[in-house]
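Got two chains here, each in a separate frame; can you build the complex from them with the hints?
These are the residues of each chain, in order.
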Amino acid sequence: MNSLIHYILLMRFELIALAVIVFLLLAKIFSEKLNPSLLLGFVNLALVGMLGVYCFGAEGSLFGGMFVMDKMIALEKAIIVFATLLIMLQANSWLKTQENYMEFCLLLFSVLMGMFFLVSSGNFLMFFLGLEMATIPLAALAAFDFGRKRSAEGAAKMILSSAFSSAILLFGFSILYGTTGSLDFSEIRDSFIGSPLQLFALAFIFAGFAFKISLVPFHLWTADVYEGSPVAVTTFLSVVSKAASVFIFITVLAKVFPIAHEAWVPALVVLSAATMTIGNLFAMRQSNIKRFLAFSSITQAGYILIAVASSSAQSTASVLYFILIYIFSNIGAFTVVSLISQRTGKEEVADYKGLYKTNPLLSIGLLLAVFSLAGIPPTAGFFGKLFLLTSGASAGLTALIIIASLNMVASLYYYLKIVKAMFVDKNESPIEKFSSDNSSRIVLIICVAGILITGFINCIFEYIYSLSIGL
Amino acid sequence: MNLSLFILVPVLTLLGILLAKANLARIIALAGSFAQLGLAIGLLFSYLALPETSHLAFEETHVWFAQWNINYHIGIDGISLAMILLTSVVLVAGVLVSWNMETQPKEFFFLLVMLATGAYGFFISVDLFTQFFFFELAVIPKYLLIANWGSGKKEYAAMKLALMLMGGSSLVLIGILGLYYFSVQAGSPTFDMQAIANLNLSVEQQLFIFPFLFVGFGVLSAMFPFHTWAPDGHSSAPTAASMFLAGISMKLGGYGCLRVATWLLPDAAREYSDCIIVLACIGIFYGAFVTLRQRDIKLMNAYSSVSHCGFVLLGIGMLTKTAMVGAVLQMVSHGIMTALFFAVIGMIYQRTHTRMGDEMGGLFKVMPFLGSVFIIAGLTSLGLPGFSGFVAEMTVFVGSWQVPDLFHRTATILATMSIVVTAVYILRGVGVTLWGPIKNEFAQLTDAAWNEKLASIILVASIIVMGTMPWWLSDMISKTTETLFGAVIK
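These protein sequence lines map, in sequence, to chains E and R.
Last residue of the first sequence: number 471 in the numbering used here, and the count goes up by one each step with no gaps.
Last residue of the second sequence: number 961 in the numbering used here, and the count goes up by one each step with no gaps.
Keep in mind that the hints were calculated from the coordinates and are not lab data.
A couple of the hints might just be wrong.
As the list claims (entries may be wrong) - To give an idea of the interface, some chain R residues facing chain E are shown, with a C-beta separation under 10 Å as derived from the structure: (1) Phe603; (2) Ser641; (3) Phe683.
Claimed, not checked - Straight-line C-alpha distance at most 20 Å; calculated PhoX-like pairs for lysine-lysine: (4) R:Lys910 - R:Lys836; (5) E:Lys417 - R:Lys624; (6) R:Lys910 - E:Lys420; (7) E:Lys417 - E:Lys346; (8) E:Lys96 - E:Lys33; (9) E:Lys28 - E:Lys96; (10) E:Lys417 - R:Lys631; (11) E:Lys357 - R:Lys836; (12) R:Lys792 - R:Lys950; (13) E:Lys426 - R:Lys910; (14) E:Lys420 - R:Lys836; (15) R:Lys631 - E:Lys420; (16) E:Lys255 - E:Lys71.
Ideal Cβ positions, reconstructed from N, Cα and C, are used throughout, including at glycine.
Just chain R, with the same shape it has in the complex (with noise of 0.2 Å):
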């Protein structure tokens, strides 16, 4: 299969988008991200077929510009094609979501498409600067997203996360080219993962280069401290933004740190995996306890997105093989389940108009559908068995359990403990509002629309392929983790 598809078929939708009438362009978006979850779901089957396969399939290598030696050189593995999955599915399905869009709808799906095209990029490459490339491709259309189209203080939201995403993204063009600068002593200046991972870097340059890959990239998955675009941007953002922000943005570094930061700099990363476990511990129990706080049900699963995220670094930072396949789980799990909550927020809201949850309540009487998805989210999130949350999360704590001293033990559960607030907020937020008395003025509301149907089937129906059959996407990730990772697990 051409992995440069995946950039062509995005690139040739956004210029459809961009030549087409405003009322054609939704059409154009939406089958252009059906072919996208086609192609995908094709190429899922094609590598699955492959025959045991040393590290990246699919490869393909152009020289763009020699005398840098950066090439567009991209192939996939088991964690990346997991990505592109999810990228897959939350894109057609936040097409769907923003369907009946009324302003300005042919930019605002130019933009959303953009968005997918730097992710689909980002996850394909293995040079590092065409990766680069992509990663900021990705970053600046969510300004406009949510400074144009999104709520309350969207100004200051979007101008915060635009300046804190390419705040993380210059430490990791710093890191970059760290990298290149120690291939240029080694004697062959490169920009190539696999070359760079092969060069055999002394503990020293692993040590100053790491922090700063891991930290830029950790600013995308709302590492603790840095994560406090999230929460306000999140929020802020027009639904089918939300989505990708939660659902993919922060799943580029999430990739980044496992994929880039860890595979290049095994040494360091294991040196500093005791403040990986730390930070991460506190972004899951601080996100934890102020979701526990909040009224408003988007800013609580935006809060609740920082505290899954940590599950993420946690399984990285454990850096034992089943960890590292948890935290690989969560990502998807976590972007699926996020994307599907924004969207159904983003239904409720549309209907209600209101965001507060003590504001609503016995909507499941109205609208069951939604109110059905709703507690599907809600029970993947608080990580029920059956669905996708209970796979990644169990996978994250029995690989950190694996490590055997207090302090991992300690950090394993605490984060374990933080299901409960978790399954608090969660049952609270289900039951102001869509349980008890039904206001008048909420009387008359309509349940979901077909694209709002379709968009949570979508979303649905992964949640609990991947809660039931977890073992091919697992397999698949565990490989690739054997083989990336195999220095570095303890």
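If we strip away everything but chain E, and leave its shape as in the complex, we get (with noise of 0.2 Å):
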């Protein structure tokens, strides 16, 4: 008896979405007498009992190791389900609208199950089961505007560039079990020596994470992805597909190559410094917003990696608490672009001009998210930004700690131009004077609080401090 109601404790995540999605199928069955309203909610209130169950601490290992939850991972899914949440509320009008709304929550819950199965993976078997769980429906959700053609091109682009990836890192999981005899993590970090082969099977493991993360040179599938897809999906993807690539991948990199230390932090240095140059470069030409908001993420990416890099207790918490905070701002932002999309079907940066004049309120909730992306007090990315830094200089990565602040300042320049768009620019005909539907209100209120709050507040920080392990 105490075994199951550990085993149900330890899955508490998975069960709940799992119910979900089987309520979804049978619910499909008489999906023309059901209000969407009413599912909606239901799907939400789902969503918010994960929150819940949040509190309930159980750790320890399923399955031979395969499966692992403890406090950090629980916080890293409740991170997740948080941003789905809110990603969820802020689609809710859209999806009402929509024929297929059902079917987009099933692909959603599959995606949610598929990240945390990967991000609780303790085998690499595990690990590409849970990746591929959540890669294949979230390319289906890409493709949710089967109508227009960009969406399905940004999902064909999608699902051949992430089965590119998956075989790439198939190949450096079959080395390392060439070299090592196990698919465990423990194990394989036992019996890891850092011979030639395994350096090349991590390397290839590597290339595999920098296309699920989008780091440069592996970039080139976001942007068009990004503007193809419906904004809900555009949204997940920029966040939550993000954070939890990076979640998994700062597992991996402390439990299973700790050893190989000397040689994957030259590697994400490198990385780092690429991915948040030419993330700048490309964003400052973008005309569309959601293009805009692709690169500017790649960008943001890099700036991740300095923490990642820096491999101490410190730079895991500050990856967590910036994520935490890049979901207030990127949702922020990306509710008001998909109200303005919604309601105008206008993109383009140009098209904010003067927006500040008829819609005021949407204007500042911009304004602080964008500020929060480019780090600028008193908004708390400010606060992330300098963590992220903050743990690179006490590691001591002097030239990318120079590169990163440098390219803040470039940044700077195309995030003020939305800015300008919005505030300065006179505009003959700006988007009309409209009112926002509740839901969407919530969102944007919610991530305009945590935008001014999550910096100030330090027990956000010290709460996330105190769960996190380092190398």
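Structure, rendered in structure tokens:
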């Protein structure tokens, strides 16, 4: 009996996701009689419930170490769920108008389930299972606007490039298996000696991760997919799926390859510098706001790598903290973008000219989100970024710190361009005044509150820090 | 006295402006800025009444992020107190000058007070992280102020200013993180300036960090060759923003060079002092000669600010006690003087709708009050005794002359000579705008309104108080200079 409860507690997130999936499948049969608002409300409630079960702390592993759960992983899952909840709320009014809203939820929960297994994995087999379970429905989600050519194109690009990256990852795993005789994280760590072949495997695994987190030079799919997908999916891709990949990346580096520290730190430094610089250069030239946010999210991933490369308890905590803040800022920005795109169909930066005159509150929301992405005080982004840099500084990554600081100035240029469009530029025919739906309002309020509060309140960082582990 | 009031009162003012209706915003802004002025004066008296202080007065420490050893640590000494006084005076004058702001007054005053919040926080922080937080807080509002309410090539100027200042602040950030790294290596990670000053960093470490910090702050104080944002920014900004920019923001830079870079890295300051002096002299001369060529009186004052801020850097670079005291005095004096200058230029522009000196003429006949204020600002700028400019520049020169070798003497002589150039452009500027025959279209212009008079009187009074009774200020500063820079001064 006790072991059953223990089992349920360990897999609490997954079981709820599974229940929702089963329920949705059954509900699909009667879909004609169901009220979309009711069903979406139920789905949101399930997500809130998942946040609630975060409080039951149970640690341990299942299935012979395949599935691991500890406080840190629970927190990571809670962050994923929280972001998904915000995105669901943001998409609420849009989903109601969609015929296939149920499939959207179904796919989304399958992705979530995959991500839970991914984050919890203690074995490369489980890792791969989770990864594929998360990726394939995600590609379907990217093609959700299947009437639009761009959406289909984006999804095709995504499925091809993720299949390619999965192949690369598998190749890395297979070499690793060949040299160590195991796929288990701790067994690999024990028999990892840093031989050339093992480092070769490490390089492949790195490349696979770089695809998933869309690091330069493996970033080329990002912008097209982001542009083609519906805004809710773009938000999910840029926030949740990036977060999940970063979480497992940190886990793998800390649990499997601590010995190869010397090898992967320089690699991360190079990837990080390239990612932030190239991401910046591309972001400067974008005129479509979704593409722009896509490249800005590439740059942000570059900043995250600074802390990943410094690999201490403090830096792990700052990555989680940064991702939490990034969720607030990016979802905040995307909420405004999605509202405007829904009401007017406009997605160009130039369309935002004079927005402040007609929709002051939305503009201020976007302003705060953009400033938080740029790391300008008093928004939380400032703290997030400085903690990443500080953890880099404590590890002595001098060159990377210098490159990152200069990149932050360069990124200011394009963030200010959006601010300028909204607040400074005159426009003959600005986007007209409209009132937003309640669920988007709630998301925006949560995000703005998060952006303004998360930095000043030290207990959030302290809490994350108390759970985090270093090398 | 509780120093946190200097954060709390501006923040409350900000909230008040945010919640108020548009026409009420200016009243709240004015009330808030007067409250801050009152606080600053109160702080001055309670500081002067203190018995001998070791270094920091009214200290307060709260742990902010324990994991990084980041504390909300505030405290003041003579130098920061002088800067706080300057900020509060300029803020009051700035709010008064923009009293009749018609386009989006609420947003305007919000950003203005936000700048002041950043400046206060910067001057009272002892923890580098906290200080940097406030430092950046004081940068971005300027972009919006200039781009929204400015004139001329405002968008270009605003973007240039924002990027250059953020560039400067990113160099500062690198410097701060470098200091943090060295403190990690020394086994006691800290952002606290006092702790870092006691860390005894090796000369190599100091030499590595110093350029980042000094140049980073130097960008803000328009150090040659990073001064190019200043003329564009100042001349495009709306009046109150120019006052703030030249009066306070450039002082953030000077203060940072002195109170952060030179204090924390004394050995490096000694090594680099020659470079600082050379750059300062170039800035002084280049600024002065470019000013000579300007027809636009606002641009004239913008360039002359570059030249005058050169004296600050010169004073710091000379590394004698007197010169450093002079540098701080020059920051205060120039801050008030240039705010007055920009204020009066803005007032004249509002009436004549031109900033070209030679298109005006004879304005003294129709606006004697503004004319007199303009003359006072000009005379302060060229260093006439009795006004604050004289006290400040004289102290810098006397301090510089104390270093007896040829290089320093030459630099001092060169810097002194720039005063002649200053006299040329100031007197000519005053001459073409105020004297001579008045043009017909200007004959009906009115003199200053009450808010403009009040702003001018506050600034002129500060100039005269400082010019005739400089001792309370200079004593205070020189005590602090002795404590902070005992190791470095020659």
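Here's how the hints hold up against the structure:
1. Phe603: Result: holds, 8 Å to nearest chain E Cβ.
2. Ser641: holds, 4 Å
3. Phe683: Holds: closest Cβ of chain E sits about 9 Å from Phe683 (chain R), inside 10 Å.
4. R:Lys910 - R:Lys836: holds, 11 Å
5. E:Lys417 - R:Lys624: Given that 20 Å is the threshold and the Cα spacing comes to 16 Å, the pair holds.
6. R:Lys910 - E:Lys420: The given pair, whose Cα atoms are some 40 Å apart, is violated under the 20 Å limit.
7. E:Lys417 - E:Lys346: holds, 17 Å
8. E:Lys96 - E:Lys33: holds, 14 Å
9. E:Lys28 - E:Lys96: holds, 15 Å
10. E:Lys417 - R:Lys631: Judged against 20 Å, a Cα distance of about 12 Å means the pair holds.
11. E:Lys357 - R:Lys836: violated, 43 Å
12. R:Lys792 - R:Lys950: holds, 10 Å
13. E:Lys426 - R:Lys910: violated, 35 Å
14. E:Lys420 - R:Lys836: violated, 42 Å
15. R:Lys631 - E:Lys420: holds, 13 Å
16. E:Lys255 - E:Lys71: The hint holds at about 15 Å.
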